[in-house]
Amino acid sequence: DGGITQSPKYLFRKEGQNVTLSCEQNLNHDAMYWYRQDPGQGLRLIYYSQIVNDFQKGDIAEGYSVSREKKESFPLTVTSAQKNPTAFYLCASSIGPGGNEQFFGPGTRLTVL
Amino acid sequence: GQQLNQSPQSMFIQEGEDVSMNCTSSSIFNTWLWYKQDPGEGPVLLIALYKAGELTSNGRLTAQFGITRKDSFLNISASIPSDVGIYFCAGLGNYGQNFVFGPGTRLSVLP
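Residue numbers (the working numbering), protein chains in the order written: chain A, 295 to 407; chain R, 1124 to 1234.
The set of hints was computed from the structure by calculation and includes no laboratory data. Be a bit skeptical, because a hint or two may be false.
Restraint-style ranges between C-beta atoms, simulated for each label pair [stated by the list, open to error]:
#1 A:Q335 with R:S1205: 23 to 31 Å
#2 R:Q1125 with A:P302: 31 to 39 Å
#3 A:D332 with R:G1182: 27 to 35 Å
#4 R:S1149 with A:E356: 21 to 29 Å
#5 A:Q335 with R:Y1218: 18 to 26 Å
Restricting the straight-line Cα-Cα distance to at most 16 Å, the calculated cross-link-like pairs of lysine to aspartate or glutamate (EDC-like) are [said to hold, decoys possible]:
#6 A:K303 with R:D1161
#7 A:K364 with A:D332
#8 A:K303 with R:E1164
#9 R:K1193 with R:E1177
#10 R:K1174 with A:E395
#11 R:K1174 with R:D1161
#12 A:K377 with A:D332
#13 A:K364 with A:D348
#14 A:K377 with A:E356
Yeah, the Cβ is synthetic: ideal placement off N, Cα and C, and Gly gets one too.
Next comes chain R alone, as it looks inside the complex:
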């Protein structure tokens, strides 16, 4: 079946630094969603992408739908302590009825 990989698995950064993470697959996807999850809470939707090449921002967050349709990227600029959490990507394939979720990237921000 379709699978998503996320890298890096975890990252430690200094407050104020920019962050980049990605989500890749061997399959083509039509929709990408990016979520953030705080410990013990449900994921919160950050950005939704619907077209190849699309670049969408939400405050300090920017996500892109890869041209090949097999990947997506999330950037966070000028990180702050509340950015700590796990970031998940989710993709919907050509023939998929439901989203597939990646394993997540765990972000830690050091003061």
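Bound-form chain A, shown alone:
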């Protein structure tokens, strides 16, 4: 089955630790995205990648880092510099960049203790 997978579903970390969230897609999509969702708010774009080995900062990139070494994978690292990391993180992909429809993974809920 084609789709986007995120793992783990729930993640707990101590304050000050870096943590990496996984996102994999087998849709052969060129573009991938990371969003953060907080209660009562819309999705906010952290980073996006239009093609392998290239990525751009979104609206709230501070304290996060990404890599795009393979087309199907776009991991997100939440660093200790992120001041308020507890949130629901969503990965998405689209055939190409810009106005193409985005499809989302199931999300990872990160709780920093």
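Chain A is fixed; fit chain R onto it per the hints.
Then chain R, alone, in the frame of chain A:
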């Protein structure tokens, strides 16, 4: 920057009723997407709109791309319990590279 507003913020309706919600902005958009999100899950794409005035249906759902290009509407007919969730709109502007998301409309369906 571009922002989207959604109304109502939340709504409670009886099963079988029709639902209307909208997404508005002061900016012009070229593409509108409507998503539904169940608790603890990722959003699922419901309808995509690409032309001003376009009216598109997906089962009991109908969405319209506003003529002014500054708004979009989503209607759900004959609501059922599984319609419960948060409905998000997303818009792509003239010079935007990425979609902007609204804050969502939370729908509750009472039996």
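Going through the hints against the structure:
For the hinted restraint 23 to 31 Å between A:Q335 and R:S1205, the CB-CB distance of approximately 24 Å keeps it satisfied. Here the CB-CB span from R:Q1125 to A:P302 is close to 33 Å, well matched to the stated 31 to 39 Å. At about 31 Å, the CB distance of A:D332 to R:G1182 agrees with the hint of 27 to 35 Å. Range check, R:S1149 to A:E356: about 27 Å between beta-carbon atoms, so the 21 to 29 Å window is met.
Separated by about 24 Å at the C-beta atoms, A:Q335 and R:Y1218 satisfy the suggested range of 18 to 26 Å. Straight-line distance between C-alpha atoms of A:K303 and R:D1161 comes to about 15 Å, which keeps the hinted pair within the 16 Å bound. For the given pair, A:K364 sits about 29 Å from A:D332 by alpha-carbon distance, which is inconsistent with the 16 Å threshold. Taking the CA atoms of A:K303 and R:E1164, the gap is near 10 Å; set against the 16 Å cutoff, the hint holds.
At most 16 Å may separate the alpha-carbon atoms for a hinted pair to count; R:K1193 and R:E1177 meet this at roughly 13 Å. Restraint check for R:K1174 and A:E395: the C-alpha separation of about 14 Å stays at or below 16 Å, so the hint holds. Of the pairs offered as hints, the one joining R:K1174 and R:D1161 is violated, with about 28 Å between alpha carbons and a cut-off of 16 Å exceeded. Our distance criterion of 16 Å between C-alpha atoms is met by A:K377 and A:D332, whose separation comes to about 14 Å.
Between the alpha carbons of A:K364 and A:D348 the distance comes to roughly 10 Å, so the proposed pair stays at or under 16 Å and holds. Among the hinted pairs, A:K377 with A:E356 is consistent with the structure: their alpha-carbon atoms are about 9 Å apart, no more than 16 Å.
Of the numbered hints stated above, those contradicted by the structure are hints 7 and 11, listed in ascending order.
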